[in-house]
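**Q** So you can see what is in the structure, the chains are spelled out below.
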Amino acid sequence: MLSIKDLKVSINGKKILNGFNLEVKAGEVHAIMGPNGTGKSTLASVIAGREIFEVTGGEIIYKNQNLLALAPEIRAREGIFLGFQYPVEIPGVSITNFMKTAVNEHRKYKGLAPLTATEFLALMDEKKKLVELQTKLANRSVNEGFSGGEKKKNEIFQMAMLNPDLSILDETDSGLDIDALRIVANGVNKLKTKDNASIIITHYQRLLDYIVPDFVHVMYEGRIVKSGGKELALELEEKGYDWIKKELEEKSNL
Amino acid sequence: MDTTIKDMDLKSKLISTFHENRELFYKNTPAEISALKDIAIKDFERLGFPHTKLEDWRFTNLANALSHDYSLSIKPEYQEIDIESIFLCEVPDMDTYNVVLLNGWFASKNASLSILSNGTIIGSLAKAMQTYPHLVKEHYGKYANTSKYGLDALNTAFSQDGIFIYVPDNVKVNKPVQIINVTNSEEKLFVQPRNLFIVGKNSELTIVNCDHSLNHNVKFINSLTEVFIGENATLNHYKMQNIDNNSALINSIYFHQSANSNLTTNSITLNGGLMRNNLNIALAGEHSNADLFGIYLIDSNQLVDNCTFVDHIVPNCTSNELYKGIMDDKSRGVFNGGVLVRKDAQKTQAFQSNRNILLSDDATINSKPHLEIYADDVKCSHGATVGQLDPEAMFYMRSRGISEDSARMLLMYAFANEVINKINIEVLRERIDEMVSKRLRGELSICDQCVLQCKDKAPSVFNIDMTKI
Ligand SMILES: Nc1ncnc2c1ncn2[C@@H]1O[C@H](COP(=O)(O)OP(=O)(O)OP(=O)(O)O)[C@@H](O)[C@H]1O
Ligand SMILES: [Mg+2]
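Just so you know, the protein sequences line up as chains A and B, in that order. Under the working numbering, the first sequence has 228 at position 228, and the numbering climbs by one with no breaks. Counting from 1 along the second sequence, just add 254 to a position and that's the residue number in the working numbering.
Simulated from the structure, these hints should not be mistaken for laboratory data. On a predicted model such as this, the values are computed, not experimentally measured, just so you know. Check the hints yourself; a few may be wrong.
Partial pick of chain B residues on the chain A-facing surface, computed with a CB cut under 8 Å [what the hints assert, rightly or not]:
hint : residue
1    : G637
2    : V640
3    : Y650
4    : R652
5    : G655
All C-beta atoms, glycine included, are put in the ideal place defined by N, C-alpha and C.
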C-alpha cells in the first residue's frame with residue numbers, strides 16, 4: 001500500500017529525514033517509536049502533504065501512485081488520514097460544517113451524491129458513539145477550547161467519519177486518561193479491516209497493549225534504525241533508547 | 255488644485271442654492287429648528303467639507319466624490335410610490351413595519367405617519383415636525399454637532415425629510431422597523447436624509463436599516479440620524495449597506511443613552527464605493543451599555559471607513575466594540591476607534607477590537623484605535639490585527655479532503671461569522687448569513703434584490719482571486 005524509499009526531507013536547509021525507508025501492506029499495523037525530535041511528526045506531515053517541508057530525495061509510492069505529486073486534499077480523498085499530534089483549532093468553523101464539507105468532497109471525488117442532512121447526521125451519530133464523543137462537542141468550533149484528550153478523541157472521530165485506507169496516528173495516546181486511551185484504542189481496533197493499514201507513532205508501549213502492532217520500528221536521527229515485533233516496544237520501555245544509540249555508535253566505529 | 259476648486263464649487267453652489275430656496279428649507283419647520291438651520295448654514299460656510307488634513311479624515315478623501323455636478327432633490331417627491339413594485343428587501347419569515355426613503359424623501363402609498371395601537375409613531379420626519387413638534391424639538395439637533403462637523407452642519411441646513419420613530423414609555427415594539435433607504439435617479443444626485451428615533455423609558459425597539467442603490471449613477475448621500483434611548487430602554491440597530499461603486503455614503507449616527515439603557519449596533523457593509531460610518535455614542539446615564547459590531551467585505555476600489563466614538567461620560571458604563579473586515583483587490587479599509595473616558599466615569603469598562611484579513615497585496619487597512627482616559631478606576635483594552643488566513647488551519651482542513659477553495663471559504667466565513675452571530679433575531683441572522691456567504695462566493699450584486707430592469711446592469715461582485723491568498 002505504502003512504500004517509502006530513501007526519503008530525505010529538510011526544512012529551512014535543516015535536514016530532518018535522512019534516508020527513511022518503510023513498507024506498509026494492507027492489513028498491517030506499524031508502530032514507530034523514537035526519541036523527541038527525530039522526525040516522526042515530520043514524516044507524518046510529509047505523507048499528508050504539508051508543503052513547508054522540502055523533499056530533497058527519495059520517493060513515496062502509495063497505491064501505485066507517486067504520492068508526492070498529489071495535493072493534500074487529493075491524498076486525503078485517496079484514503080490517507082493523519083491524526084495530528086497537535087490538532088489545530090479553527091474558531092468559527094463548527095465540527096458539523098467541517099465534517100460535512102469533508103465527507104461530501106470525498107463523496108464527490110468518488111462520484112457519489114452528497115449526503116442529505118439526515119443521512120449526514122445519522123452518520124455523525126454513529127461515529128460519535130464509536131469514540132464516545134459528547135454530542136455537545138459536535139456543535140462547537142473545530143478543536144476550539146477542547147481539552148487535550150477531547151482533541152485526540154475528535155481526531156479519531158474524524159478518522160471514523162472518513163474511513164481511511166491508511167491512517168497515521170501521531171501520538172494520539174499522549175494526553176489521554178486511562179479510560180480515554182481504552183476508548184480511543186477500541187475505536188481504532190473497530191475500524192481495522194484486512195484492507196486498511198495504520199502507522200502508530202507513540203512514546204509508550206502502553207498503547208500497544210491495546211492496539212497490537214505487527215511491526216515496531218525505532219526511529220533515530222531521521223531514519224529507522226531498528227525494526228522488530230511487538231516485543232521490541234517492551235524492550236524499549238525497559239531499557240530506553242541508550243542501548244540503541246550505543247549499538248549505532250559501535251556499528252559506525254567499525 | 256483642480257479638485258479643490260471643484261469642492262469649492264460644490265460648496266458655494268450648495269450655499270447659494272440654500273439661500274435661493276430658503277422658503278423650501280424652512281417650510282413647516284418649527285421656529286427652534288429654523289434657528290438651528292440659520293446656525294448650521296453659517297457653520298457649513300465656515301467648516302466646509304471634511305478634507306484629509308483633518309485627523310479623522312486622513313485616509314478618506316472626499317475630493318473625488320465631491321467633484322461631480324450634482325443636482326439636489328429639494329422638492330418633495332414620490333409621495334405615493336409603491337416601493338415594493340420596484341424593490342424587494344425581504345427577510346423571509348420576518349414580519350416588519352416597513353418604511354421607505356427614496357432619494358431622501360419619505361415614500362409611501364399610505365399615510366406619512368402611522369400610529370400603532372401601543373402609541374408608537376412611525377413615519378415621515380417632515381410630517382412629524384408639523385404634527386408632533388414638541389416631540390421632535392425635544393431631541394432634534396441636540397446630539398449632532400454642527401459647530402464641529404461640516405457634514406452635520408450641511409445636513410442640518412438642507413435636510414427636509416427622513417424617518418421619525420417615537421416609542422412611548424413602557425412599550426416593547428413587537429416587530430422590527432425596517433427602514434429602506436434607496437436612491438434612484440437619472441441624474442447625479444446629492445441627498446441628505448435626516449432621521450430621529452426616540453425610545454421611551456423601559457421600552458424596546460429593533461431597527462433594521464438597509465441602504466441600497468437602484469442603479470449605478472453617481473450619488474452622494476449625507477445622512478444624519480439622532481437617536482435618544484431612554485432609561486432602561488433597549489435598542490437593537492442593524493445596518494445593511496449594499497451600494498453601488500459610484501456612490502458615496504456618509505452615515506452619521508448619534509446615539510444618546512440614558513441610565514440602564516442598552517444599545518446594540520451592527521453595521522454590515524457588503525458593497526459601496528465610498529462609505530463612511532460615523533458612529534457616535536454618548537453614555538450619559540449610569541449602567542448603560544453599548545455594543546458596537548461591524549463587518550465589511552470589500553473589493554475593487556471600494557473604501558469603507560468606520561469612525562466610531564464612544565463617550566463614557568458617567569460612571570459604571572460598558573462598551574464593547576468589534577469590527578472585522580475582509581479586503582480584496584485595491585480596496586481600502588479605515589477604522590478609527592475613539593473612546594473617551596471622562597474624569598467622572600469611574601468603573602468604566604471599554605473594550606475595542608478591529609481585525610482584518612487582506613486578500614491582496616494592494617488592499618490596505620488603516621486601523622487607528624484612540625483611547626483617551628481621564629478616570630483611574632477603569633478597564634479598557636484595544637487591539638488591531640491584520641493578517642491572512644491561518645496556514646495551519648488551511649492544511650488541517652485540506653488534510654481532511656477539503657479543497658483549497660472550500661477551506662478558504664470556510665475560514666473567511668468563520669471570520670465574518672463572529673460578527674454575524676451577534677445578530678439576535680434568528681431570521682435576520684440567517685438572511686444576513688446567506689448574503690455574506692453569497693458575497694464571499696462572489697454572487698451578490700447590488701442588483702440582487704432589485705426588480706428594476708436597468709440597462710447598465712453592471713454586477714458589482716466580490717470575486718476573490720483564490721491564487722492571491
Ligand atoms: N516548522 C519547522 N521549522 C523548523 N524546524 C522544524 C519544524 N518542524 C520540525 N522541525 C524540527 O525538525 C525536527 C523533527 O521534529 P519532529 O516534530 O518531526 O520530531 P518528533 O520525532 O515528532 O518529536 P516528538 O517526539 O517530540 O513529537 C526537530 O528538531 C524540530 O525542531
Ligand atoms: Mg512529534
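**Q** The structure should be examined with respect to each hint, and the outcome stated for every one.
**A** Evaluation of the provided hints:
1. At its closest, the beta carbon of G637 of chain B sits 16 Å from a beta carbon of chain A; the interface hint therefore is violated under the 8 Å criterion.
2. With 8 Å as the threshold, the beta carbon of V640 of chain B stays out of range of chain A, its nearest partner Cβ sitting at about 17 Å, so the hint is violated.
3. Here the hint on Y650 of chain B is kept, as its CB sits about 4 Å from the closest CB of chain A, short of 8 Å.
4. Because the beta carbon of R652 of chain B sits about 4 Å from the nearest beta carbon in chain A, less than 8 Å, this interface hint is met.
5. Interface restraint check: G655 of chain B against chain A, minimum CB-CB distance 4 Å, threshold 8 Å, status holds.
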